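K.L.:
Given the sequences, and given the hints that come with them, work out the whole structure.
If you read the protein sequences in the order shown, they are chains S and E.
Its first residue numbered 1, the first sequence is counted upward by one per residue in our numbering.
Its first residue numbered 1001, the second sequence is counted upward by one per residue in our numbering.
Quick caveat, the hints were computed from the structure, so don't treat them as lab data.
Since we're looking at a predicted model, the values are computed, not measured.
Zero decoy hints are in this set.
Here are the simulated lysine-lysine pairs, DSS-like style, with alpha carbons at most 25 Å apart:
id: 1; chain 1: E; residue 1: K1104; chain 2: S; residue 2: K57
id: 2; chain 1: E; residue 1: K1026; chain 2: E; residue 2: K1104
id: 3; chain 1: E; residue 1: K1059; chain 2: E; residue 2: K1107
id: 4; chain 1: E; residue 1: K1050; chain 2: E; residue 2: K1026
id: 5; chain 1: S; residue 1: K57; chain 2: E; residue 2: K1026
id: 6; chain 1: E; residue 1: K1050; chain 2: S; residue 2: K57
id: 7; chain 1: E; residue 1: K1104; chain 2: E; residue 2: K1068
id: 8; chain 1: E; residue 1: K1050; chain 2: E; residue 2: K1067
Computed footprint of chain S on chain E, listed as stretches where at least three residues anywhere in the stretch have a Cβ under 8 Å from a Cβ of chain S:
id: 9; segment: 1039-1047
id: 10; segment: 1099-1111
A virtual CB, placed ideally from N, CA and C, is assigned to each residue, including glycine.
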Amino acid sequence: KAGVTQTPRYLIKTRGQQVTLSCSPISGHRSVSWYQQTPGQGLQFLFEYFSETQRNKGNFPGRFSGRQFSNSRSEMNVSTLELGDSALYLCASSLAYQRDTGELFFGEGSRLTVL
Amino acid sequence: QQPVQSPQAVILREGEDAVINCSSSKALYSVHWYRQKHGEAPVFLMILLKGGEQKGHDKISASFNEKKQQSSLYLTASQLSYSGTYFCGTEISGAGSYQLTFGKGTKLSVIP
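P.N.:
Structural data, given as structure tokens:
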């Protein structure tokens, strides 16, 4: 079956602009999580959606937002971009409704460069 | 609340063993392990649940010490294909919803 698809794969923006990233989960998966990955910081949790509801949010400023559609596809938006927002943004989908059913399937990510 | 992984990096020769540790200051419900190869997406290795058994997958196994809030990943007789960055992800007991907090990763390099 098709994996998690993220678009665009690469993008370059300038400070102050905004960006929207898209994630299509594996068919049947209703949970979508977003992570920011930067060198030396590992994977930092942004937010998680299940059935169009944000269930949890990480410690990021309000410039980072997201949403999930009825078909489970998700988008995240970053407004007023800063140089420090340059990172690989990973989306992961899961069947999980309960915590212990675990496995996350990651997409290959969207690499954002802010100039 | 980010778990601490050690070591940060390790270099092994093929056939050698390695242990990667993950510790948390919070009571944990579960620990997840992922491996990410350069330029690729992280891939799930295993999950260890509170009260559960030690898991194993081929020559990679892991344990979860609930009292110490620690998990260890054991790689035996390492192969070149084991190279990559290993991340542990932790779920905190009583957190109420699904959120994995990952460590900064351990970079493992296996050389011939």
